[in-house]
Structures are given as structure tokens and as C-alpha cells.
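As given, the protein sequences belong to chains W and Z, one line each in that order. Taking our numbering, the leading residue of the first sequence gets 16, the next gets one more, and so forth. Taking our numbering, the leading residue of the second sequence gets 596, the next gets one more, and so forth.
Derived by calculation from the structure, the hints in this document are not laboratory data. Please read these numbers as outputs of a predicted model, since none were measured by experiment. One or more of the hints may lead you astray.
Unchecked claim - Example chain W residues on the side facing chain Z (calculated, C-beta under 8 Å, incomplete):
1. F57
2. L60
3. L149
4. L160
5. L199
To be verified - With a cut-off of at most 27 Å between alpha-carbon atoms, the simulated DSSO-like pairs for lysine-lysine come out as follows:
6. W:K134 / Z:K879
7. Z:K604 / W:K136
8. Z:K768 / W:K286
9. W:K136 / Z:K883
10. W:K188 / Z:K829
11. Z:K697 / Z:K883
12. Z:K768 / W:K35
13. Z:K640 / W:K188
14. W:K33 / Z:K697
15. Z:K697 / W:K36
16. Z:K768 / Z:K640
17. Z:K640 / Z:K826
18. Z:K883 / W:K134
19. Z:K883 / W:K31
20. Z:K851 / Z:K640
21. Z:K761 / Z:K879
22. W:K188 / Z:K826
23. W:K137 / Z:K839
24. W:K137 / Z:K829
25. Z:K829 / W:K320
26. Z:K879 / Z:K787
27. W:K31 / Z:K768
28. W:K137 / Z:K826
29. Z:K768 / W:K36
30. Z:K826 / W:K286
31. Z:K697 / W:K26
32. W:K35 / Z:K761
33. W:K237 / Z:K604
34. W:K91 / W:K73
35. Z:K839 / W:K36
36. W:K33 / Z:K829
37. Z:K839 / W:K35
38. Z:K826 / Z:K839
39. W:K134 / Z:K604
The beta-carbon is built from N, C-alpha and C at its ideal position, and this holds for glycine as well.
For reference, the chains in residue letters:
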Amino acid sequence: MRNSLKTAEQKVEVRKGKLKKIYQDRSLYMLVLPSILTIFFFRYLTMPGVLMAFQNFKIFDGIAGSQWVGLDNARKILSQGALKAAVGNTVFLSIGSLVFSFPCPIFLSLLIIEVQNQKFKKVIQTLSYLPHFLSWMAIVGLIQLVFGRDGLINDFRMWLGAEERIMYLAQQKNFVPLILGTGLWQGLGWSTILHLANLSAINPELYEAAEIDGAGYFQRLKYITFPHMMPSIVLQLIFRVGGIFGDNFELIYGLQNPFIDYEVISTIVMKTGVLNGQYSLSVCMSLIMACLSLLLTLGVNWFSKKVTGTGIF
Amino acid sequence: MRKRTLSRKIFDVCNVIFLSLLVVTMVLPYVNILAKAFNDAEDTKMGGIVFWPRKPTLYNFQTVMGSDGFMRAVFVSVARCLSGAGLALVVQFMAAYTFTHKDLIGRTGILVYYMIPGYVGGGIITQYILFSNLGLFNNFMLYILPGCFNMFEMVIIRTFINGLPKGLTEAAKLDGASDMGILLRIVIPLCKPIMATTLLWSVIAHWNDWSTTFYFFTDERLYTLSYLLMKVLKEAAAIQEMIKSALMNGIILEIKSVTTEALQAAQVIITTAPIVFSYPFLQKYFIKGAVIGAIKD
Numbered sequence: 016m017r018n019s020l021k022t023a024e025q026k027v028e029v030r031k032g033k034l035k036k037i038y039q040d041r042s043l044y045m046l047v048l049p050s051i052l053t054i055f056f057f058r059y060l061t062m063p064g065v066l067m068a069f070q071n072f073k074i075f076d077g078i079a080g081s082q083w084v085g086l087d088n089a090r091k092i093l094s095q096g097a098l099k100a101a102v103g104n105t106v107f108l109s110i111g112s113l114v115f116s117f118p119c120p121i122f123l124s125l126l127i128i129e130v131q132n133q134k135f136k137k138v139i140q141t142l143s144y145l146p147h148f149l150s151w152m153a154i155v156g157l158i159q160l161v162f163g164r165d166g167l168i169n170d171f172r173m174w175l176g177a178e179e180r181i182m183y184l185a186q187q188k189n190f191v192p193l194i195l196g197t198g199l200w201q202g203l204g205w206s207t208i209l210h211l212a213n214l215s216a217i218n219p220e221l222y223e224a225a226e227i228d229g230a231g232y233f234q235r236l237k238y239i240t241f242p243h244m245m246p247s248i249v250l251q252l253i254f255r256v257g258g259i260f261g262d263n264f265e266l267i268y269g270l271q272n273p274f275i276d277y278e279v280i281s282t283i284v285m286k287t288g289v290l291n292g293q294y295s296l297s298v299c300m301s302l303i304m305a306c307l308s309l310l311l312t313l314g315v316n317w318f319s320k321k322v323t324g325t326g327i328f
Numbered sequence: 596m597r598k599r600t601l602s603r604k605i606f607d608v609c610n611v612i613f614l615s616l617l618v619v620t621m622v623l624p625y626v627n628i629l630a631k632a633f634n635d636a637e638d639t640k641m642g643g644i645v646f647w648p649r650k651p652t653l654y655n656f657q658t659v660m661g662s663d664g665f666m667r668a669v670f671v672s673v674a675r676c677l678s679g680a681g682l683a684l685v686v687q688f689m690a691a692y693t694f695t696h697k698d699l700i701g702r703t704g705i706l707v708y709y710m711i712p713g714y715v716g717g718g719i720i721t722q723y724i725l726f727s728n729l730g731l732f733n734n735f736m737l738y739i740l741p742g743c744f745n746m747f748e749m750v751i752i753r754t755f756i757n758g759l760p761k762g763l764t765e766a767a768k769l770d771g772a773s774d775m776g777i778l779l780r781i782v783i784p785l786c787k788p789i790m791a792t793t794l795l796w797s798v799i800a801h802w803n804d805w806s807t808t809f810y811f812f813t814d815e816r817l818y819t820l821s822y823l824l825m826k827v828l829k830e831a832a833a834i835q836e837m838i839k840s841a842l843m844n845g846i847i848l849e850i851k852s853v854t855t856e857a858l859q860a861a862q863v864i865i866t867t868a869p870i871v872f873s874y875p876f877l878q879k880y881f882i883k884g885a886v887i888g889a890i891k892d
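Chain Z on its own, in the form it takes in the complex (with noise of 0.2 Å):
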């Protein structure tokens, strides 16, 4: 162990000082929010809640999940997020065992095909002219489809399986196995841990978009529930429905004390609990490939 110096010393506790700080900042405003959410709207105004509500209710959290469309948008969400990303796993992971077989013939014109809409293209309205012409509009297709190949994904995915070891595929090959008897019997069996990394990915990417709704759906019955958090974010009227229709469907039974701002914090809450409280558990799956993603080969 080498001795610490004085000036070492002092750097170590500025150090852990302002990363903590830091850490602080990130954290400080969701949990300001949560405690919000939890507290009673009237009651919050007076100022003071930082960490922890003071007159707690669930009234706020009652209003939001009782208003119309509340719990469809949370079965579309799901919805989508489990086909979108499951339909996606699988087209990239096929996609990606094949671009592993550097002597493919047509490799490279593949991947030139692949990348050039990146750099090409007339953005979200030629989209919309599309949709819109093929009748697509509201349709929950237009949730899972486009998406469900991700360039930078596959990449991933292919790096992972280009560093598993070579000796198992190679033994196969010469015990007479297809390349699909590989891809099924060695590879996916071997690509658990980054095949629950792009899934989870995919899970965020599907939860958290909203701006496809906005686009393409004017049918209620498919908006998600990012499309409400945006809806009770940016339209006044939309809190006013909400708390119209919690009372009309008997959630809440009289109007107390309500302010926008609580029952903001309630939605933005529900919007985002699954996220923040399953990321302490799948943390490892979270990051794992981040670093993957930006080795280049």
C-alpha cells in the first residue's frame, strides 16, 4: 500500500464530498416528487416537503387510477411493451447470429442497406404521409413494428456472440450440426445474460415513448400511458377530465383538496415506478452492454 500524502488525503474527501452532491442532484428531485405525490395537495402548498409528506393521502394516486382510460392505457402499455420488445429480441437476434458469419456473401451491401435510411430520408412527416395513405393510423401494428430492428441493438448483440469462444461452434460444425442447430442448441443458450440487456432496452424504450401516439393514434383506447403523462403534463383540460371522471366513476367521492401540480406528481410517479424500482434488482442488466455497444470491430 502506498502512503497516502496530505494533498491525497485532502482531494479523497473533496472528492467524495462533491460526487455525493452530485448523486444528490439526481436523485433529490424524484424523491421531492414521490414525497409530493403522497402528500395532500392543499396541504403542500404551505411549503416544506422535501423528503417525506407530511399529511399523507393516497387521494392524488386514487384520482389518477380512477379516471377513464387510466387502467387501458396500462394494459396497452404492457401490451405493447411485451410484444414490441419480444418481436424485436427475436428479429435482431436473427439478424445478428447472421452478420457473425464473416464469409456471408452480400455482408457488407446488408449493412450499407441498413444504414443508409439513417442519412436519407424526409423525416416524421413522409412517415406520417405514409401511415396515413396505407390506412395504418390507429392501429396497434404501428406500436411494435417499426421499431422492432434497432441497428445499434444488433450490433451489440452480434459482439457478444462474436466473443463467445470459437471452439464450441466449430465442434459442432464438424459434429455435423446445421447453423441453425447451433444458433438454437449453443448460442441462445450462451446469450441469456445480453439477450436480457436488449430486451430490457427494448421494454424502457416501448414504455417510455410517447411521440408515436401523438403521431399516429386519436383512438383512446390505444393511448399509453407516457401519452397520459404527457396529456396531464402539458393540457390543463386533461386534469380536469381526470378528476371529472374519477369522480363520476365513484374512485373519489368528493373533491378536497386538489391541485394540478399533485396530481401531476401522482402520474409522473405511476409512470415511472416500474422503471425506477425494478432498476435496483436488474442494474446489472441495465448497464451490462452499454460498454459492449461502444467497442467498435
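Next up, chain W with everything else stripped away, as it sits in the complex (with noise of 0.2 Å):
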């Protein structure tokens, strides 16, 4: 063993030549420092708020202050209706649009690449980005005036002759699509940006050779762009996988309204918390789903590299 034959001098030395290095690069550290303290205070200070989930907390009381419960607010959360709904709610939202929306991108980018006049591209791509920088609640905004009583698809229904105006937004069994469908519409050409970008690495000549060799369309597309594809897609797939137990806040509950009864995680943990005051239980919440889903990315990631051999981590 090498190590066991250092000297205690050398080991002074090394020490004494990273303490040098240090003290070198005392600039770049400082430089750090800013964002250093802002993860700090904004982020890892919250972090003993975490204790709420076993306690039943009292905001005059303090986290010192308050009871310890236990499990109770976790046994709380399993025994009540909504809060479980809720969770179910978030899963089957996420799980919808990894389903549905996921795909959808790779096959755009596919359809864009082949477009021969480059204006053109340019313009459907650019255009197709638009919807990414509009805010959740504009696009909320936009939603409920197109879709309203005397928005544009209302106008459409009645110019093609129907009976009676048709409330979509208050109806209950609309509410899932169209969190999807928006989910989708928002993202779909930002998402295509990297699809391209990898499409657009692919060197020519193999598909030039792979079509003197006989091989059709969907052959080279089996053979050269989805191995090619491949490792950027399953990466972002481990992230939205991860992701199974989050939620967009601000477009959910920006279309809720009195007559839709659709809770997701984010929106019960907003209003037991924040609006009914019960701390405790939606922090627990919060705790749980935090958990699981970094259970899941380990998890996913550990699977995807045994199996394909990339991962984050």
C-alpha cells in the first residue's frame, strides 16, 4: 500500500500545498460565496420547517414549542379522502402528459426537419416558441376567453350552425384535457429545440449511404435517428419520470373555478396550508412527495443505466 508508506512529513506537504491552493483561489471563492449564502438562507434554512410534518404545529408556539406527533399527520393523509385524491389526481396528470405530450415533440421535430425551404422552417419554428415565454396565468387568461361563452370556439360552434353556447370551462369532465392539452400546446416547440439540435448533428452521408443500400425511410429511421436520439430522449425521460409527483401550480389553479372539484398536491397543500392554517399537514405532504420522488429518479436512473447505459448521476 502506498498510502501507509507516506511519511507524516509528506502528508504535511500535500496538506500544506492544498491549503497554498486555497488560499490561491481565495478570489474564485469569494466569488461563490454569494450564491452560497443565498441557497443558504433561502433554501437550507427552510429546512428544519421540515419538522412541522411530525408535529402538530401552532405558528405562536415555533417549531420548538410545538407537539410532536409522530406519524399521525402521515396516518392523517392516507385516511382522508381528498388529500389521497389529490395525490392520485397529480400522478394521473403527470402520467397523462408523459403519454401524451412526451412523444409529440420528437415527432414535430421530426416533420420540421424535412421541410426544405429554410425560411419557411425558420418561421414555424420561431412562431412555435411563443407560447413558452407567455406566463401560466396569460395562458390561463387566453384558455378562458377562447373557450368562454362568447370566445372563439363558441363563435366557430355557432357560425357552423349549433343550438346554444356551451360553457366548457365549467364542466367537470373537461377539466383533465385541457390541463393536458395546454401542458402540451405550451411546450411542444420549445421542446423540439433539442430534438433538432440532435437531428441536426447527424452526419448526412450516413443516410446517403444508408439510401444507396435499399434502406426506406422508416429504416434509417430505425437504424440511424432513434440510436442517435436515443441518449438525450432517455435523459430528459429520468427527468420527467422524477417528476411524477409534481404539478403546475399556477396553471391548475389558475383554471379551477366554483365548479370544478379537481385538486392536485400543490393546490390542497396551498389551501390547507396557507388558507386553512393547517401547517403541519401539508408540509407532511409536501415531505412525502419529496421522498418519492427522489425514490423514483434514483430509481429510474439506476434502471436506465443498467439498461441503456446513460443516466444522470
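Put the two chains together into one complex, using the hints given.
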């Protein structure tokens, strides 16, 4: 063992060298200090708050003075139908958007890359990115107005000769399709950027050679295009799966109205926590979700590394 | 030039038609709301407004802009965007530059330190309790400080700096320049494009955010434009108050034709106009960096 042969003197030398290096780089450490302090103050300082999940937290008693209740909050969450439903809805929406809106940008980029006219291609791309830069609240506004009683959709239906105007946004059955559709609409164009970058990085000679060998479009897709896109698709997929317990508070809260009874984790955390003051319950819920997300991300990462050789960690 | 087969030609035509239709669905809602915001409210109810106002009026905009608190909200939003995005750029850039030094002792440790809060935490309520204990509610600093470090943007800047020609910094080092000297005289001037991109992204994030106000602000004087939009879309009372105060302020003289939808349309347009109408001119900055961010290194 070489390490054990090192004399104490050498060890001191190494440590001195390290200290010297740190001293030399002191200006670099100063540069990261602001970000370290920001993260500490606004993120790490909230961590003791996690303890609220195991308490019956009263805001005037603080974390130190509140009563400890162990896992009572978790039990309460599992026994309350509304909370369980919110978890189910969140997972359902995430899986829905994974199945529904994850493959779409891939297909769209395959179509865009085939466009011959470069100018047209540019216009298509630029316009399709636009929804990504609108705020979710503005998008909620657009939806309310387009699907509303006097909106574009109803106008069109009346023009086609429909009998009466429909209040789409007040119907429970439209809520989930609306959330999923809006998510797709907002991110569709923007998500193609990465796929298009990957596609245009493929060596055209590969396609030419394949074509000479008599490969049709779908064979080229199978043997050249998809293998090339796969690593980045897998990475994105891992992130998405890890986010299954997350939801889009701004969109869902925005579209909720008195006629809709559909809660997800973030909206119910906000309502039980901020509006009803049941802090412990909502912290406990966030905590459970965070743990599940972490486990899921690690699990998918492990699985992906094993099967495809790529992972985020 | 390869000869195009018939099936290829048919595909091309269908492709162009499909993509055009798709883009129409992206743009049409906005164009339609724009037309409705400029159209007389009662007239809009008759239907048929698609691209263009039929009875043009500025009444909807006057009502929105003349209501109490509107100008203040514009001011707060602009102040927030400028200070928040400026600060974020400085903080992120400094950190990014440090992380381009691969031999820095403790580099991995700091990166892990940044990443832990992304996976551990009790969510919004713990923040709510912390800020209320610290007495930070209704403090303008809450708009700019918590968001001043975004790891994703930091990584993008770092990747960009790593992509700069190595020779420049090495030559400067041989000439005896310090790390700070290299940063100020060589790296920063070369990084203008990526700085513009991340700055723009932060400006948009600050402009669009309403939930910070929603959770931590009760003081009307600190409401932002995006928060006003939320109130106008979600709270029927907000519309009534808006009309009342615009009347009281003498901006509009009578309640002519007015509907909730028309005012909501005007508010949506006002809130999004700075982004939508600067987009064509700044789009290369908007988009640059999106690809850099996806490269893993």
C-alpha cells in the first residue's frame, strides 16, 4: 500500500500544498460566496421546517414549542379521501402528460427537419416557441377567453349552426383534457429545440449511404435517427419520471373555478396550509412527495444506467 | 440535387400544410384576444370577431390602465425585473466562472450543496413559515433575492465559458493576469451573448411570476402586473373595483359597453405585450442557450 508508506512529513506537505492552493484561489471562492449564502438563507434555513411534518405545529409556539405527534399527520393524509385523491390526480396528470406530450415534440421535430424551405422552417420554429414565453396566468387568460361563452370556439360552433353556447370551463369532464392539452400546447415548440439540435448533428453521409443500400425512410429512422436521439431522450425521460409527483400549480390553480372539483398536491397544500392554517398537514404532504420523487428519480436512473448506460447521476 | 419522387412531393405538401395549421393554433388565440381587447365589448358579444376589431375602441385599455394601482404595478414589475434579473446575472456569472476551474478544491462539494435543496424540503409552507418568522412578508427583497441563483442558468453560463478558446485565458495567465483580471478583461467581454440570453430569461421569469406575490405579499403597493392579471382573471370583485376606480379617477367618464371578458382580454394583452412584441427582435437571444443547457458535461 503506497498510502501507508507515506511519512507524516509528506502528509503535512500535501496538506500545505492544498492550503496554498485554496489560498491562491481565494478570489474564486469569493465569487461563489453570494450564491452559497443565497441558497443557505432561502433553502437550507427552510429545512428545519420539515420537522413540522411530525408535529401539531402552532405558529405561535414555533417548531421548538409545538407538540410532537410522530406519524399522525401521515396517517391523517392516508385516511383523508380528499388528500389521497389529490395525490392520485397529480400522478394521473403527470403520467398523462408523459404519455401524451412527451412523444409529440419528437414527431414534430422529425417533421420540421424534413422541411426544405429554410425560411419557412425558421418561421415555423420561431412562432412555435412563443407560448413558452407567456406566463401561465396569461395562458389561463387565453383559455378562459377562447373557451368561454363568447369565445372563439363557441363563435365557430355557432357559425357552423350549433344550437347554444357551451360553458366548457365549467364542466368537470373538460378539466383534465384542458390541463393536458394546454401543457402540450405550451411546451410543444420549445421542446423540439433539443431534438432538432440532435437531428441536425447526424452526419448526412450516413443517410446517403443507407439510401444507396436501399433503406427506406422508416428503416433509416430505425437504424440511424432513433439510435442517435436515444441518449438525450432517455435523459429527459428520467427527469420527467422523477417529476411525476410534481404538478403545475400556476396552471391548475388558474383554471380551477367554483364548478370544478379537481385538486392536485400543490393546490391542496396551498389550501390546507396557507388558507386553512393546517401547516403540519401540508408540510407532511410535501415531504412525502419529495421523498417519493427522490426515490423514483434514483430508481429510474439506476434502471436506465443498467439498461441503456445513460443516467443523470 | 436528388430527384424528388412523387410520394416525397405529396409528403412535402402535407407536411407544410400540417405545420402551418399547427402554428396557427399557437398564434390564433393571441391574435383573437388582441382583436377582442380593441373591440367594443357589447359588439364582441354578437360574435364573429376573429382577427380584427369590428368596432375599434380604446375603452377597455383605458379602464384597465386608469384603475387604481395599475401604474404602480407596472412600476413594481419593472423595478423587480431590472433589479432581480441584474442581480441574478451577476451572482450566476460569478459562480459559473469559478466552476470553470476544474482543479478548484471543494468544487464537487459545492455543487452537491447546491443540489441538495432540490431534493430535500417541505415545500412552500416551510418557506412561508420561515419568511413570516423573519418578518419578510411584504418586503420587496423577497422578489429579487430568493431567485437570484438558478443552478440551471449557472450551468449554461459555465458551459459557454468552457467553450471559449482556451488559448486566450492561458496566454493571459502567462502574462501574469490574476483570475479576477482574466474574468473582467477577457471572459466577460466574450460572454455578452450568453449574458443577454440568461438576462432575458430571468427578466421573463420575474415578469411572469405571480405566485410570490400571492404567497408573501398583502400590501397592495407591492403588487405586480402579473398578480393583477391573476386577480382580474380569478376574482369577479376585482373587475368591479377596476371599473369603479377608473370612473373615480376620471379616466373613463361613463360606463358604456363593458364586459368582464373585454377587460380580461385587455389585461392579458397589456401583461404579455412587452414579451410578445419584443420577441421578434430578441428571438435569437431568447433561443440561444436552450441547446447549450441540454448538453451534459
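Here is how each hint holds up against the structure:
Look at F57 of chain W: its Cβ gets to within about 4 Å of chain Z, closer than 8 Å, so that hint holds up. Interface hint at L60 of chain W: satisfied, since its Cβ lies 6 Å from the closest Cβ of chain Z, which is below the 8 Å cut-off. Given hint, L149 of chain W at the interface with chain Z, holds; its Cβ is 6 Å from that chain's nearest Cβ, closer than 8 Å. Interface hint at L160 of chain W: satisfied, since its Cβ lies 5 Å from the closest Cβ of chain Z, which is below the 8 Å cut-off.
With 8 Å as the threshold, the beta carbon of L199 of chain W stays out of range of chain Z, its nearest partner Cβ sitting at about 11 Å, so the hint is violated. Between K134 of chain W and K879 of chain Z the CA atoms are separated by roughly 15 Å; this keeps the pair inside 27 Å, and the hint holds. Using a Cα cut-off of 27 Å, the hinted pair K604 of chain Z and K136 of chain W holds, with the two alpha carbons roughly 17 Å apart. The hinted pair formed by K768 of chain Z and K286 of chain W fails the criterion: a straight-line CA distance of about 57 Å is larger than 27 Å.
A C-alpha spacing of about 17 Å is found between K136 of chain W and K883 of chain Z, which places the hinted pair at or below 27 Å, so the restraint holds. At most 27 Å may separate the alpha-carbon atoms for a hinted pair to count; K188 of chain W and K829 of chain Z meet this at roughly 20 Å. Between the alpha carbons of K697 of chain Z and K883 of chain Z the distance comes to roughly 25 Å, so the proposed pair stays at or under 27 Å and holds. With a CA separation close to 18 Å, the supplied pair K768 of chain Z and K35 of chain W stays within the 27 Å bound.
For the hint pairing K640 of chain Z with K188 of chain W, the CA-to-CA distance comes to about 26 Å; that is within 27 Å, so the pair holds. Under the criterion of a C-alpha separation no larger than 27 Å, the hint pairing K33 of chain W with K697 of chain Z is consistent with the structure, at around 15 Å. For a cut-off of 27 Å, the pair hint linking K697 of chain Z to K36 of chain W stands: about 13 Å separates their Cα positions. Taking the CA atoms of K768 of chain Z and K640 of chain Z, the gap is near 70 Å; set against the 27 Å cutoff, the hint is violated.
Distance check on the hinted pair: K640 of chain Z and K826 of chain Z sit about 23 Å apart at the alpha-carbon level, within 27 Å; holds. Annotation: proposed proximity of K883 of chain Z to K134 of chain W holds, straight-line Cα distance about 18 Å (limit 27 Å). Pair hint K883 of chain Z plus K31 of chain W does not hold up; C-alpha atoms about 44 Å apart against a cutoff of 27 Å. Between K851 of chain Z and K640 of chain Z the CA atoms are separated by roughly 14 Å; this keeps the pair inside 27 Å, and the hint holds.
For the hint pairing K761 of chain Z with K879 of chain Z, the CA-to-CA distance comes to about 26 Å; that is within 27 Å, so the pair holds. Proximity of K188 of chain W to K826 of chain Z is assessed by CA-CA distance (about 25 Å); at most 27 Å being required, the pair is judged to hold. With a C-alpha separation of about 46 Å, the suggested pair K137 of chain W and K839 of chain Z falls outside the 27 Å cut-off, and the hint is violated. Distance hint between K137 of chain W and K829 of chain Z is unfulfilled; the C-alpha atoms sit about 37 Å from each other, more than 27 Å.
A distance of roughly 45 Å separates the Cα atoms of K829 of chain Z and K320 of chain W; the hinted pair therefore is violated under the 27 Å criterion. For the given pair, K879 of chain Z sits about 13 Å from K787 of chain Z by alpha-carbon distance, which is consistent with the 27 Å threshold. In summary, the hint linking K31 of chain W to K768 of chain Z is supported, as the alpha carbons are separated by about 23 Å, within the 27 Å threshold. Straight-line distance between C-alpha atoms of K137 of chain W and K826 of chain Z comes to about 37 Å, which puts the hinted pair past the 27 Å bound.
Taking the CA atoms of K768 of chain Z and K36 of chain W, the gap is near 16 Å; set against the 27 Å cutoff, the hint holds. Restraint check for K826 of chain Z and K286 of chain W: the C-alpha separation of about 17 Å stays at or below 27 Å, so the hint holds. As the CA atoms of K697 of chain Z and K26 of chain W are separated by approximately 23 Å, the hinted pair is consistent with the 27 Å bound. A threshold of 27 Å between alpha carbons decides the hint, and for K35 of chain W with K761 of chain Z the separation of about 25 Å falls inside it, so the pair holds.
Our distance criterion of 27 Å between C-alpha atoms is met by K237 of chain W and K604 of chain Z, whose separation comes to about 22 Å. Restraint check for K91 of chain W and K73 of chain W: satisfied, since their Cα atoms lie roughly 17 Å apart, inside the 27 Å limit. Straight-line distance between C-alpha atoms of K839 of chain Z and K36 of chain W comes to about 67 Å, which puts the hinted pair past the 27 Å bound. Straight-line distance between C-alpha atoms of K33 of chain W and K829 of chain Z comes to about 59 Å, which puts the hinted pair past the 27 Å bound.
Under the criterion of a C-alpha separation no larger than 27 Å, the hint pairing K839 of chain Z with K35 of chain W is inconsistent with the structure, at around 69 Å. Restraint check: the Cα-Cα separation between K826 of chain Z and K839 of chain Z comes to about 15 Å, which is no more than 27 Å; the hinted pair holds. With a C-alpha separation of about 18 Å, the suggested pairing of K134 of chain W with K604 of chain Z holds against the 27 Å cut-off.
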